[in-house]
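Number of protein chains: 2
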Amino acid sequence: MSFTSLTLAHGGGGFRTERLLREVIFPGVRPGRKPAMDDSAILPDTAGGRLAFTTDSFIVSPLFFPGGDIGRLAVAGTVNDLAVVGAKPLYLSLGLILEEGLAIETLKAVCESIHATADEAGVEIVTGDTKVVERGKGDGCYINTAGIGRVLIEPPPSLSRARPGDALIVTGMLGDHGAAVMARRESLALDSPVRSDAAPLNRMLNALVEQFGPAIHALKDPTRGGLAMACHDIAEASTVQIEMDEAALRVRPEVQGICDLLGFDVLEVANEGKAVVVCEAAAARAVVEFLRRCDHGHQASLAGRIVESDQPLVVLKTRIGGERLVAKPAGEILPRIC
Amino acid sequence: MSFTSLTLAHGGGGFRTERLLREVIFPGVRPGRKPAMDDSAILPDTAGGRLAFTTDSFIVSPLFFPGGDIGRLAVAGTVNDLAVVGAKPLYLSLGLILEEGLAIETLKAVCESIHATADEAGVEIVTGDTKVVERGKGDGCYINTAGIGRVLIEPPPSLSRARPGDALIVTGMLGDHGAAVMARRESLALDSPVRSDAAPLNRMLNALVEQFGPAIHALKDPTRGGLAMACHDIAEASTVQIEMDEAALRVRPEVQGICDLLGFDVLEVANEGKAVVVCEAAAARAVVEFLRRCDHGHQASLAGRIVESDQPLVVLKTRIGGERLVAKPAGEILPRIC
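Residue numbers (the working numbering), protein chains in the order written: chain A, 1 to 338; chain B, 1 to 338.
Just to be clear, a hint being listed does not mean it is correct.
Claimed, not checked - No farther apart than 30 Å at their CA atoms in a straight line, the calculated lysine-lysine pairs in the DSSO-like style are these:
#1 A:K317 <-> A:K328
#2 A:K108 <-> B:K328
#3 A:K328 <-> B:K137
#4 B:K137 <-> B:K108
#5 A:K108 <-> B:K137
#6 B:K317 <-> B:K328
#7 B:K317 <-> A:K328
Please keep in mind that the hints were generated in silico from the structure rather than gathered at the bench.
It should be emphasised that the depicted structure is a prediction, and the values quoted were computed from it without experimental measurement.
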């Protein structure tokens, strides 16, 4: 018996589900390290430190794009949500909602990417669930991951801890993920294809908070809604004004080109391998230097500052010396970017 | 501005997403207890005991059925998965995948049910995520919940701890959930409508393991694949034969009627508020009496026993004294039951 595409019975919880799990979803399990069949994973004692807990669902379309795929996103996204609260990601859950008719080869490729990215991040997938919906009630594959991490420093960085005088740092080029997905979706023929930046940032961000401790006030991964939304989240949670220097923000020319072509503001375009860092001004230069030595931070730059304000505001200081208010995005300009 | 149905912008991560969260998904949040906007929840120290971690996605169709709805299922299902490993459920995550066009009133009703069931179970929803897919790429509402619980006893009950000589106990009537959903889906006109048993069992099962400790060897909620699959899971994990006494299994006549009408074996029909208990034979009578005093265990009964075997087997001792092998279900007979 062989199977090449998914049927509803694969989600029925019987032996077809078991076989799918064994052969496709968790194929790499070594004999003698069979995952417990119990309904919950029992975790080793994580003595020391509080825990962080987060969840994210991934519905990106298409499933594969230059530089990544839904599986890489699903691991990196949740790992990054833990890392930005100063936590070391330890355990992930994996919930798959699959559409009848999905090619098994496609699912295999997604699962391989999930496991490879989990290895890269050093997290363990300890529990999972698989459901199948009828053709036309899904879109190939939706993934939910939830994650548990151990908080490394107290107080942990928080969106609410930005203070007037703090520095704003961005760890790299803006808009790569959103531009890569949009270009693939619109079938743009590009001379130099843009690749998504999707990546787990936990090693870099964990090392950062361990090195600089309480000087790191806030961390944020600028995903849906891009840098504009990330800054609004910080501005609101801390009731401050955030000033970004347009000249200091880095955007690849080809990403800017895609944004211009499609009419998007790169500040609102999603990133999946970048972080915004708010830290004490005195530490800013050392933080930038530290980030530039990290795999995912070579293009880190000081990008602005936090200013006192009685209401949350985000302002862009333009290259020609003007100022413009950056509006809070209403919603992703293109849906299903992550 | 008012809104009556869901648009793609509600999933874009901008201010429309925020408003949806505030007004519909987490409406009951009291001033001064605003949930942190950070990307992960920070959990209070759960000192003492290991943690259990689980996840489940819910895709039941229809969203509402007699006795329950997808929101109640989503909380009860994950709570029960924690309870069957002997853990006290503490925290849930909530991941929503919504379809464009979903009526806001429907979403409100689902979310109210989620919060009411979480209150009933005594668990806290501490983190969440909302995505929206285009019309025709979902089916109203899919829900993922992940849960964290504290393990109450060591060693925790496990599917692998059933031993020859143990007693098999079922906490109540079989097949209520599956029959209720199927009857609603097939629009069967019934004199006495069947209601789903969907319920959080954590209070009953937590009290059980605290009362009987290591005498409780295995617990299992017989959901997809019903009692047949639950017994196969235990038989395989423990390499034992499970003997069920047909005369001791309880089924409502109207549930049996629906199964007969639609051609289903009630042993394979899903339950969402029942548990299978494997315990030391010496404790069996006391366990049944204990369960019968619990809200969700009034019809608990001794339903069989564990027998030595060199291969996993599930056997039904029929009313007329015969024996039949109970096959492992291939997959749910009707998809999308939970």
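Task: Given pair status - B:K328, A:K108, alpha carbons within 30 Å - done: Holds, because 25 Å separates the two Cα atoms, which is no more than 30 Å.
Open item on the list: Can you confirm whether the C-alpha distance between B:K137 and B:K108 stays at or below 30 Å?
Closed with: Between B:K137 and B:K108 the Cα gap is close to 21 Å, so the pair holds against 30 Å.
Open item on the list: Given the hinted pair A:K317 and A:K328, is their Cα-Cα distance within 30 Å?
Closed with: It holds: about 16 Å lies between the C-alpha atoms, which stays within 30 Å.
Open item on the list: With the threshold set at 30 Å, check whether the alpha-carbon distance from B:K317 to A:K328 stays at or below it.
Closed with: Status violated; Cα separation ~66 Å.
Task: 30 Å Cα cutoff - pair A:K328, B:K137 - done: 28 Å, holds
Open item on the list: Tell me if the straight-line CA distance from B:K317 to B:K328 falls inside 30 Å.
Closed with: 16 Å, holds
Open item on the list: For a C-alpha distance cap of 30 Å, please report whether A:K108 and B:K137 respect it.
Closed with: 21 Å, holds
Hint 7 from the earlier list is the only one contradicted by this structure; the remaining hints agree with it.
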